[in-house]
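Given the coordinates of chain H, work out where chain S should sit on it, guided by the hints.
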Amino acid sequence: MKYLTSLFFLLIVSIASAQSEPEMADAMRANGKIYVVLGVALIAMVGLITYLAILDKKVSKIKQSLEEK
Amino acid sequence: MLKNWWKFLGVLLLAYTVYAGFMSEVPRMAILNETIRNLYFHVPMWFTMFTLFAISLYHSFKFLATNNIQYDSKAKEAINTGIVFGILGIITGSLWAKYTWGTWWTGDVKLNGSAITMLMYAAYIILRNSMDDEYKTGRIAAVYNIFAFVFMIVFIGVLPRMTDSLHPGNGGNPAFGNYDLDNNMKLVFYPAVVGWIIIGLWIYQIKNKIAFIKTHQQNEISN
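Line by line, the protein sequences give chains H and S. To convert, note that position 53 of the first sequence is 53 in my numbering; the numbers rise steadily by one, no gaps. Position in the second sequence (first residue = 1) + 1000 = my numbering.
No wet-lab data here; the hints were simulated from the structure. Here the structure is a predicted model, which is why all the values come from computation and not from measurement. Be a bit skeptical, because a hint or two may be false.
[Said to hold, decoys possible] Taking lysine-lysine and the DSSO-like style, the derived pairs with C-alpha atoms no more than 27 Å apart in a straight line are: (1) H:Lys-69 <-> H:Lys-57; (2) S:Lys-1062 <-> S:Lys-1007; (3) S:Lys-1136 <-> S:Lys-1003; (4) S:Lys-1207 <-> H:Lys-63; (5) S:Lys-1007 <-> H:Lys-58; (6) H:Lys-33 <-> S:Lys-1098; (7) S:Lys-1214 <-> H:Lys-61; (8) S:Lys-1214 <-> S:Lys-1136.
[To be verified] Computed footprint of chain H on chain S, listed as stretches where at least three residues anywhere in the stretch have a Cβ under 8 Å from a Cβ of chain H: (9) 1005-1019; (10) 1195-1207; (11) 1210-1223.
Glycine included, every Cβ here is placed at the ideal spot set by N, Cα and C.
Okay, chain H solo, but in the shape it has when bound:
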């Protein structure tokens, strides 16, 4: 009887542990992790555009200083 109850207890524990998975940040892993690719592509795009904007500013400044001369 003692063995049976302990076995029963083990069974319950194992079922319980299988059913309740710990909470994780699954959003980034959904759909075969496509969001991660999206993130990388957006970062590269934003980085390049920012670089372009900075270049634009620099060149515009030089152009303005030449026009004022």
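Just chain S, lined up with the frame of chain H:
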């Protein structure tokens, strides 16, 4: 800030394109599979190149009409920028072809046509560099540019539609145009085209500013 509103619009459209390009629903098609999304990134390269070459053509006409050297400089910078987008178009197309048509390059009319187009415009740059007198250079380059533009339309717009081509919409293949382009895809494709054209124009504007600085420098040295 206000006069740069179109740059913000371009960045916004591009961000939307990247987001929707990955996440939107696309038709499920054999062989193409998810690569159908390349439509949002490969085709706008060519549209941007075409826009820049058209702008260059406009400035070439303007130069021939006015003999104002500034127009010649603008025509040249537009071609310089357009070539970059053309090269990106060829490289992205090549990668796409590898995984759908099975090879990096085929003898397809549209592929060869676009390659010839790139060579034609590369020749434009070489032609310019081979001459000294800037007004003479400008006139010859402008006339060459008009011919190059016409040939580009023949090579990538007309010939592929008259013979068999692997490209959609050519030689009896179904097009992404009118009937086949899924309505969901249009919602991403058109913003993508506009967004990339704006980015192309932005780069073109910066190149014009650099050209202005360069000529200013040269004038100072010669004075």
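Status of the hints after comparison with the structure:
1. As the CA atoms of Lys-69 (chain H) and Lys-57 (chain H) are separated by approximately 19 Å, the hinted pair is consistent with the 27 Å bound.
2. With a C-alpha separation of about 26 Å, the suggested pair Lys-1062 (chain S) and Lys-1007 (chain S) falls inside the 27 Å cut-off, and the hint holds.
3. Using a Cα cut-off of 27 Å, the hinted pair Lys-1136 (chain S) and Lys-1003 (chain S) is violated, with the two alpha carbons roughly 36 Å apart.
4. Restraint check for Lys-1207 (chain S) and Lys-63 (chain H): satisfied, since their Cα atoms lie roughly 12 Å apart, inside the 27 Å limit.
5. Proximity of Lys-1007 (chain S) to Lys-58 (chain H) is assessed by CA-CA distance (about 16 Å); at most 27 Å being required, the pair is judged to hold.
6. Between the alpha carbons of Lys-33 (chain H) and Lys-1098 (chain S) the distance comes to roughly 24 Å, so the proposed pair stays at or under 27 Å and holds.
7. At roughly 14 Å between alpha-carbon atoms, Lys-1214 (chain S) and Lys-61 (chain H) fall within 27 Å of each other, so this suggested pair holds.
8. Distance hint between Lys-1214 (chain S) and Lys-1136 (chain S) is fulfilled; the C-alpha atoms sit about 20 Å from each other, no more than 27 Å.
9. Against chain H, the segment 1005-1019 of chain S contributes 6 residues with a C-beta closer than 8 Å to a partner C-beta. That satisfies the three-residue criterion, and the hint holds.
10. With 5 residues carrying a beta carbon less than 8 Å from a beta carbon of chain H, the segment 1195-1207 of chain S meets the three-residue requirement, and the given coverage holds.
11. Under a criterion of three residues with beta carbons nearer than 8 Å to beta carbons of chain H, the stated coverage of the segment 1210-1223 of chain S is upheld, 4 such residues being counted.
The structure does not agree with numbered hint 3 stated previously, though it agrees with all others.
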